[in-house]
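Colleague: Listed below are the residues making up each chain.
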Amino acid sequence: MEHEKHEHKAHHPGYGIYILVWMGLLALTSITVTVAGIDLGAYTLFVALLIAAIKSGLVINIFMHIKFDEPIFKVFLSLSGFTLFVIFLLTFFDVIYR
Amino acid sequence: MTNSHQAAAAIPHVHRDDVGARMGMWLFLFTEVLLFGGLFLAYSVYRYDYHEQFRLAAMDLDTGIGTLNTLILLTSSLTVALSIAAIQKKNKFLAMAMISFTLLLALFFMINKYFEWSGHIAEGLYPKSPELLNMKNGEIIFYGLYYVMTGLHGLHVLVGMAVLSFMLVFIAKDKITFDNYVKLENAGLYWHLVDLIWIFLFPLFYLIH
Amino acid sequence: MFSGPSAHAGNVDFVMFYIVSISVVLLLGITATMIYFVFKYNRKKGHKPKDIHGNIVLETVWIVIPTILVLSMFYYGYMGFREFRYVPKDAFVIDVVARQWQWQFKYGDGKTTDTLYVPINKQIKLNLESLDVNHSLYIPAFRIKQDVLYGIKNYMMLTPDELGSFDIACAEYCGLDHWQMYTKLVVMPQDKFNEWYNTK
Amino acid sequence: MSNGTIAIAEKSFYEVSTNKHSGILSWLLTTDHKRIGIMYLVTIAFFFLVGATIGLFMRLELLTPGRTIMGAQTYNTLFTLHGVIMIFLFIIPGLPAIFGNFFLPIQIGARDVAFPRLNLLSYYIYVIGAILVLVSLFIPGGPIDTGWTFYIPYSIRTGTNVSMAIFAAFVLGFSSILTGINFVTTVHRLRAPGMTWFKMPLFVWATYATAWIQIIATPVIGITILLVIIERVFGVGIFDPALGGDPILYQHMFWIYSHPAVYIMILPAMGVVSEIITTFSRRTIFGYVPIAMSSLAIAFVGYLVWAHHMFVSGMSDTATWIFSLLTFIVALPSGVKIFNWVATMYKGSIDPQVPFLWVMNFIFLFSIGGLSGLVLGSLATDVHVTDTYFVVAHFHYVMFGGTGTIFFGAMHYWFPKMFGRMYNKKFATISVITFFIGFNMLYFPKFIMGYMGMPRRYYDYLPKFAPLQEVSTIGSWILVGTIFFITGYLLYALRNGPKASGNPWGGVTLEWHIPSPPPTENFEEIPTITHEPYDFSQLKEMEYDK
Chain S
1 MEHEKHEHKA HHPGYGIYIL VWMGLLALTS ITVTVAGIDL GAYTLFVALL
51 IAAIKSGLVI NIFMHIKFDE PIFKVFLSLS GFTLFVIFLL TFFDVIYR
Chain X
1 MTNSHQAAAA IPHVHRDDVG ARMGMWLFLF TEVLLFGGLF LAYSVYRYDY
51 HEQFRLAAMD LDTGIGTLNT LILLTSSLTV ALSIAAIQKK NKFLAMAMIS
101 FTLLLALFFM INKYFEWSGH IAEGLYPKSP ELLNMKNGEI IFYGLYYVMT
151 GLHGLHVLVG MAVLSFMLVF IAKDKITFDN YVKLENAGLY WHLVDLIWIF
201 LFPLFYLIH
Chain V
1 MFSGPSAHAG NVDFVMFYIV SISVVLLLGI TATMIYFVFK YNRKKGHKPK
51 DIHGNIVLET VWIVIPTILV LSMFYYGYMG FREFRYVPKD AFVIDVVARQ
101 WQWQFKYGDG KTTDTLYVPI NKQIKLNLES LDVNHSLYIP AFRIKQDVLY
151 GIKNYMMLTP DELGSFDIAC AEYCGLDHWQ MYTKLVVMPQ DKFNEWYNTK
Chain B
1 MSNGTIAIAE KSFYEVSTNK HSGILSWLLT TDHKRIGIMY LVTIAFFFLV
51 GATIGLFMRL ELLTPGRTIM GAQTYNTLFT LHGVIMIFLF IIPGLPAIFG
101 NFFLPIQIGA RDVAFPRLNL LSYYIYVIGA ILVLVSLFIP GGPIDTGWTF
151 YIPYSIRTGT NVSMAIFAAF VLGFSSILTG INFVTTVHRL RAPGMTWFKM
201 PLFVWATYAT AWIQIIATPV IGITILLVII ERVFGVGIFD PALGGDPILY
251 QHMFWIYSHP AVYIMILPAM GVVSEIITTF SRRTIFGYVP IAMSSLAIAF
301 VGYLVWAHHM FVSGMSDTAT WIFSLLTFIV ALPSGVKIFN WVATMYKGSI
351 DPQVPFLWVM NFIFLFSIGG LSGLVLGSLA TDVHVTDTYF VVAHFHYVMF
401 GGTGTIFFGA MHYWFPKMFG RMYNKKFATI SVITFFIGFN MLYFPKFIMG
451 YMGMPRRYYD YLPKFAPLQE VSTIGSWILV GTIFFITGYL LYALRNGPKA
501 SGNPWGGVTL EWHIPSPPPT ENFEEIPTIT HEPYDFSQLK EMEYDK
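These protein sequence lines are chains S, X, V and B, in that order.
In this text, residue positions in the first sequence follow this note's numbering: the first is 1, and each later residue adds one.
In this text, residue positions in the second sequence follow this note's numbering: the first is 1, and each later residue adds one.
In this text, residue positions in the third sequence follow this note's numbering: the first is 1, and each later residue adds one.
In this text, residue positions in the fourth sequence follow this note's numbering: the first is 1, and each later residue adds one.
Calculated directly from the structure, the hints in this document are not laboratory data.
Think of the CB as a built atom: it goes at the ideal place given N, C-alpha and C, for glycine as much as any other residue.
Watch out, some of these pointers could steer you wrong.
[As the list claims (entries may be wrong)] Here are the simulated distance ranges between beta carbons:
| hint | chain 1 | residue 1 | chain 2 | residue 2 | range |
| --- | --- | --- | --- | --- | --- |
| 1 | B | Gly488 | X | Phe178 | 56 to 62 Å |
| 2 | S | Phe85 | X | Leu56 | 57 to 63 Å |
| 3 | V | Val24 | X | Arg16 | 55 to 61 Å |
| 4 | B | Thr434 | X | Asn180 | 27 to 33 Å |
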């Protein structure tokens, strides 16, 4: 990938890395489908969401190239993620203890 | 500055800011994330309340179709990313081919969705149907959320298809070129978001039994 | 000083008095300072302005002191709330059923009324249930209120220590005749209540 | 500002349009942030007057016990419409869309916002939303009667036009989101050279913080509203308790937006206060960084307290005390601002002109609003006064006494800049006084009635409330009379007022460096900023002699 970075704007990876990421995503999908067949009890939800989180991390970082973009975008992203987290957390203070 | 002074009298100051454009797009995507975030919140609250009934209801969904649609969307995300890489390398043909391929995949996704929904409706599982109303509360809610969340996602796929079609035209007309492709980038960002949401919808509805 | 038809009402009035006193002092302080400055530093007096960018000590003071004040308000408010939510084991239970636009009170022996009769000096638990939309059982004299919902269990505590008849209102908007959902709470001596309770 | 004093002989933005059209089209298709600001002003002011008139009729009905001029159903639709119009059509878009649009780009030294066409689009989306509200009044089914909170299950049981009215709210939310995106990007990308973050005027900080809330919070109400519509139209089970739904979850999702929305309403007003106080005290702001940071802090902590609207809703006692504690902590940044403003007057050179009088009005009324909020944050007292007139009084002191007052303050502060004319200052001073009297007569009795146990949204009341209700209604006449009086003399000044200079008050933020009204594209040359935002030593360079 190195030479491509020099040829084009530094923050854009080439075809190869996209295809690699795509293959990774397919692999993760097959893992999550396989794992879903196994009964993990309380961990089922956790494992499924963990894999989904890894997949979305790949998409956000590489496909959406936030990894190569302006740093402020990462701040924005964590801000909205944190807001979501707070909303969930506080709502569940009601739901769990009701 | 001399130019802009003259311009100020007649036409607006032309201003191009790719980073700004992408920033605007990201901010818009955050609103989408929070829009779906509200739905995910409702889902998780009801899943907590009706744990067992959600499990039972989810059994009726077809994991096969869900997996197939996941693969389709992931691949379409790849093709969109490739089209941007292609336009950067001045490969106009490849960029257009990749977007066309994306549109095709999106169409497949919607066709699958159509068969899936019509299957449920044939079984009598639709809002207000007598069969659904006979079920337990948790299952009614599960199907309510299922229809709303996948429906809203489907709507986003349709919007994404419309946007990508415009991009196709823009590339053809050379309005998107190797040194001015922020429109395509933003369309791509939107499409990846649609993919991203599906990445979470898929396990929540099709996998966790 | 803070007496009401129940001990709880007195406590609520105390918290109210506490918060309002502090608020009035703050409000008058701010307003008086502001008006004083307007006259003292009026431009007509030819006052030369002086740029003061800030003062760390002051900023700290007016963060720390209000923090202490509001935390004390939280504490008193929470204590008052806790006593109102606490359900003793031997509480006398009455079911409250709300519908558009009337109240019904169901007693253990199947007696049903549309006025709430209760004995004095007894801890009473009101179980709240709605048949249609949201309502809210509000007894202003006792400083208590709680929403009445369809499908969700809710309750409230009532411990009257004064005889008499008090208003009950609906405090959650519930449609056309929301404003007419008034009824009465009647507090009776224990023996009179027993007499009423045991007659059909 | 190094280039601040150039006398620009350019024509104003009224005379030169940024597009090739002329006449009315040059306005309807404009992308000029100032023209869009003016269009918002006209539209929003119209709806404000409509909302105020509705309020006047509600107060008339309550003048005497029993039926005065209307039936219960009419009254129920009127308080709903008063809420929907005032909140979604006036106070949420109000300050950001009018003054944010007009002054944010100027104050950071930009020629326009980042996305001028998107800006125009948000205006039209706003108009569409407004039209939907109006249409919902006249189609069969009748106007919405749920209260502006649209609580489930009443909102899915009633036969009135709920779907269309709340869809209007959804559309208006979309407009709000687009404005927010525009402002955040503008502040990040279009600051003039030298305009570092801590050289930005505080109005910019406040609008920036507001824009973030608009972006992050509004989608949540969007989806909540969509769900209610879907439930009504398709009968899908989401919130309806008859189908297993959770009406308290609806309240959570509603307030997750609607509480931060309170800060959308108040933050820009706080920004304007900082501007006016410094200009008329002619000294730098006391505690620039604390005020700027408290804007961001308010925007953030605004998310942590929504459920204090729900202390008696039947949510868990754990959530109840957590939200009460958080609520008290959120009170602090607002307090910090008040103290800093008063301290800014210290050793200033105060010229209490009309805008400054509005700010004094604001500080008094908003303090009452904020302090009465402590009563609502404290659990024991909240249980008693929530859903009574006490709450009504509280949020009118905050919203109307706070944001509404500053709407007029900003209007009087920036009027000469926006229109190049000066209004009648004697009339304006009288209005501040009658506004103050009418306002307190109208709303203060509601605190007392609320503590006496008068529930809100009541068509009628017990006889013991009659005297206070009367005072309140008389106050409404004074207040609404004042509002129409202000509208009148401002409209008169548009054509007949004396011409205003570029800097009638001696302000130093960038808008006072350019002519009144500003030229198209604001600056002939983008200025380079060297001064702090409230450095009044610039007045000498600016050759301000007054």
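Colleague: Is the gap between the beta carbons of Phe85 of chain S and Leu56 of chain X within 57 to 63 Å?
Modeller: violated (29 Å)
Colleague: A range of 55 to 61 Å was offered for this pair. Does it hold for the Cβ distance of Val24 of chain V and Arg16 of chain X?
Modeller: Hint holds: Cβ distance 57 Å, inside 55 to 61 Å.
Colleague: Are Gly488 of chain B and Phe178 of chain X spaced within 56 to 62 Å by their CB atoms?
Modeller: holds (59 Å)
Colleague: Between Thr434 of chain B and Asn180 of chain X, is the Cβ distance one that fits in 27 to 33 Å?
Modeller: Roughly 58 Å apart at Cβ, these two residues miss the hinted range, so it is violated.
Hint compliance for this structure: hints 2 and 4 are broken, all remaining hints hold.
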